[in-house]
Amino acid sequence: MIKLMAKSITLLLSVTLLACAATLEKESGQKAETGKEIAFSRNKGNCLACHEIEGGEFPGNIGPPLKELPKRFKNKQQLREQIRDATRFNPETSMPPFGKNKILSAEEIDLLVDYLWSLQ
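For the sequence shown, our numbering assigns the number 398 to the initial residue and increments by one for each residue that follows.
No lab work stands behind these hints: they were computed from the structure. One should not assume that every hint holds.
Capping the alpha-carbon separation at 20 Å, the derived lysine-lysine pairs in PhoX-like fashion look like this [claimed, not checked]:
id : residue 1 : residue 2
1  : Lys497    : Lys441
2  : Lys428    : Lys464
3  : Lys473    : Lys428
4  : Lys497    : Lys473
5  : Lys441    : Lys499
6  : Lys441    : Lys428
Restraint ranges, calculated between C-beta atoms of paired labels, are given here [stated by the list, open to error]:
id : residue 1 : residue 2 : range
7  : Glu434    : Ile399    : 50 to 58 Å
8  : Glu504    : Asn458    : 23 to 31 Å
9  : Ile399    : Glu451    : 50 to 58 Å
10 : Arg485    : Ser515    : 23 to 31 Å
11 : Asn498    : Asn472    : 18 to 26 Å
Only a predicted model underlies this, so the values are computations on that prediction, with no experimental measurement involved. Glycine included, C-beta positions come from ideal geometry on N, C-alpha and C.
Construct the complete structure from the given sequences, taking the supplied hints into account.
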């Protein structure tokens, strides 16, 4: 009886974990899609004005291509700070301080970072 209950509990936990993982994956995909919309939007991030991004039309070439960012930044926080206020690291940068000037909210920057971090 105890072994049967233990197996039932194990099965229930496994199903619950799988359901949670599927939900997290779906939420992650939705966040990435929203981040992409911000990156491509002329009224928000407008990253394409200066950067090449896979799938983007008519990219600019002022900034580096936005791909493989984990190779250029130690972590997401460092990328987030670059987007929030690049002038902190380079006063001569042409990149707008998206967070400091309230072009993007903190939540929008987080969504943008999640999207950009995922680009290969």
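Ascending list of hint numbers which this structure does not respect: Going through the list in order, the structure violates no hint and respects every one.
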